[in-house]
Amino acid sequence: MGKIELDGLTKRFGDLVAVDDVDASFTEGEYTMILGPSGSGKSTLLRMIAGLEAPTEGEVRIDGEDVTDRPARERDLSMVFQNLALWDHKSVRENMAFGLRMAGVDADERDRRVRETADLLEIEDKLDARPDQLSGGQQQRVALGRSLVREPEVILFDEPLSSLDQRLRLRMRTELRRIQQETGTTFIHVTHSQEDAMTVADSILLIEDGVVEQFDRPLELYHEPANEFVADFIGSPSMNLYDATFGTAGGAHFEVEGGPRLDVPERWADRFRERVPEGPVRLGVRPEAAAFDGDPALPTIDGTVTVVETFGDFTWYYLDAGLGDDLVVQSSDEAVMNSVGVGDSVTVSVSPDAIHTFDATTGDSLGTAQVTANRPARNATR
Amino acid sequence: MSAPPVSRSRRIANAVRYVYLAIVALVFILPFYWLVKTSLQPNDVIYGSDLHLVPPTITFTHYQSALTEVGLVGSIVNSLLAAVGTMVLTTVVALLAAYGITRYVFPGRRTVARLVLLTYMFPNTALIVPMYGMFAAYGLLNNPVALTLLHSMLALPFCLWILQSYLESIPRELEEAAKVEGATEFGAFRHVTVPQAMPAIVAVAILAFIISWGEYMFAYILTTNSAKFTVPVKVTQLLGGYQVDWGLLTAASVVVVLPVLALFWLMVKYLGKGIAKGTGAI
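Top to bottom, those sequences are chains A and B.
Residues 189 to 570 in our numbering are what the first sequence spells out, letter by letter.
Residues 114 to 395 in our numbering are what the second sequence spells out, letter by letter.
Worth flagging that the hints you see were computed from the coordinates, not collected in a lab.
Please note that the accuracy of each hint is not assured.
What follows is a set of in silico ranges between Cβ atoms, one per label pair, in the way DEER data are often shown [said to hold, decoys possible]: (1) A:Ala317 with B:Tyr245: 52 to 62 Å; (2) A:Ser350 with B:Arg227: 33 to 43 Å; (3) A:Arg200 with B:Arg222: 42 to 52 Å; (4) B:Leu209 with A:Arg300: 30 to 40 Å.
Listed below are several chain A residues computed to face chain B (Cβ distance under 7 Å; list not exhaustive) [what the hints assert, rightly or not]: (5) Leu240; (6) Ala242; (7) Arg261; (8) Ser266; (9) Phe269; (10) Asn271; (11) Ala273; (12) Met290; (13) Gly292; (14) Val293; (15) Trp456; (16) Ala457.
Not close to chain B: a few residues of chain A, all C-beta gaps over 12 Å, as computed [as the list claims (entries may be wrong)]: (17) Gln270; (18) Leu315; (19) Ala331; (20) Asp397; (21) Arg459; (22) Gly500; (23) Ala548.
Glycine included, every Cβ here is placed at the ideal spot set by N, Cα and C.
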């Protein structure tokens, strides 16, 4: 139970289309993140699922039942708000017991379940405090507890972690994941952090300007982005993207605008010829897919290092390779990290496996040359 | 070990500040002090030629006669009926109206909010005749219901304005959370909005009470039977035609100011919080 389906869901505020014809099916018992930049309509989408915002068009179904016109209280779901929305005039206990009280659960049972949930969240000694007397992390737990205690089928999260500092944020993120696994509740979590989404979610619904760009497993989004927006949004640092021309005269090759010609070795050539039309194309290379080994069997790019950013276990190098935009390369090779510095001339090789191609006008993916890895697909049984 | 030196100019600035505050305090407190002082003095001191800052002797005879001889107690009851009625009616109407204006989108809601304040543009004196005519036609003269309605009309706009800005400041998510947890619209209002708005609600209730308690003109116009006089009307009646019994008058005045003062002291915490937040001062 707890399967949510959206059918042609649309929300317009005057002329502004916040959510545009969204079809999606959230698998029950999964942790799904709705990911998008600010203003992409992700919160509006969540609020329509919650029943706090009426859709202009379309349908929300829970377990096959149309609930579009039902108020929030009749949807058997709960929500953790961005500002947590704890009631300062009530104690933590009263905050958590509120939903049970509304559902007509008797006082003893309420008390027992609140205590049980508080134990799970390790706030059992805070039950008589008021929310404004608690730390940020404890408030998060109370808000989560208020939702969990009622054991709803679905819990919605509207960026509740965004106000936490980095350490606490990572801890709460892991804890959310653990609790989701333990309870088997369907979690739908809105975030603007691709890191949160990639690390925790079973599935990611990536949305921009109210339109779903891709709804898939995290690794699918990373390895097989549906279009240029997804490729650019997922991954840190962003994928290197250039205007290029694909040609077959004298062997399959890409000519990057104002830059080098990348010859595709014969081994991969057919895979590109099958899908990429001759002419203008957008070319993408993930920073972590380029290497400093300069393998002569692979296409190479020459450049000069302009900026180095060190992270300890890996380093980002910004290269001026005459491509317009910098070519960013990530390396975790000790030898490279100890020797390459600003001003050095380097040769970078790119495996055709890691070259992404996108339609020059629509931005839709033309696929990679990589043979599809054996990753579980999103609606597959796991 | 010496105290950190305080600069001369700062000390002078402080002194000036305190002198200024003392003058302001004096301006506000002196009339009230004079009122209390006069009410406690025997008649020969009040009408004597010497000016006393501190009463040389104290007597409670004026209070005795105010409460027993001139029917002040009856007028206090009349005033209470109107003031409590005004307080309840104004608070309930203002709260529901403020909730409606801040929580629902409907055509002309901004206009409604502004039109209410427009009622303050009419001088009350212009309304004397129509009001008298209306209440007389409905047989409501000498009736506390009439004063409740009229005083609510006077108190409502300001109370509505305070509550409206206060409700505006309550995060919408607090109510939404209640609805998601299973509360109805009214449940969210009762369990979340009302307790959250309590400082402003209390402030508004007191304000409505005080406005009704002190209102003179309409209370005078709409009451022809002296047994139905409210306190302000009663007190002015004590100003006789040929002579003024200052002792009685001041004692009566102190008695009628006391409930307001008591309310004020009791609720000063709420009033400060409510009005300051409601008007956006915080």
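A quick look at each hint next to the structure:
no. : hint                               : result
1   : A:Ala317 with B:Tyr245: 52 to 62 Å : 58 Å, holds
2   : A:Ser350 with B:Arg227: 33 to 43 Å : 37 Å, holds
3   : A:Arg200 with B:Arg222: 42 to 52 Å : 21 Å, violated
4   : B:Leu209 with A:Arg300: 30 to 40 Å : 38 Å, holds
5   : Leu240                             : 5 Å, holds
6   : Ala242                             : 12 Å, violated
7   : Arg261                             : 5 Å, holds
8   : Ser266                             : 6 Å, holds
9   : Phe269                             : 4 Å, holds
10  : Asn271                             : 6 Å, holds
11  : Ala273                             : 4 Å, holds
12  : Met290                             : 4 Å, holds
13  : Gly292                             : 9 Å, violated
14  : Val293                             : 10 Å, violated
15  : Trp456                             : 52 Å, violated
16  : Ala457                             : 56 Å, violated
17  : Gln270                             : 8 Å, violated
18  : Leu315                             : 17 Å, holds
19  : Ala331                             : 8 Å, violated
20  : Asp397                             : 25 Å, holds
21  : Arg459                             : 50 Å, holds
22  : Gly500                             : 39 Å, holds
23  : Ala548                             : 44 Å, holds
In this structure, the earlier hints numbered 3, 6, 13, 14, 15, 16, 17, 19 are contradicted, and the remaining ones agree with it.
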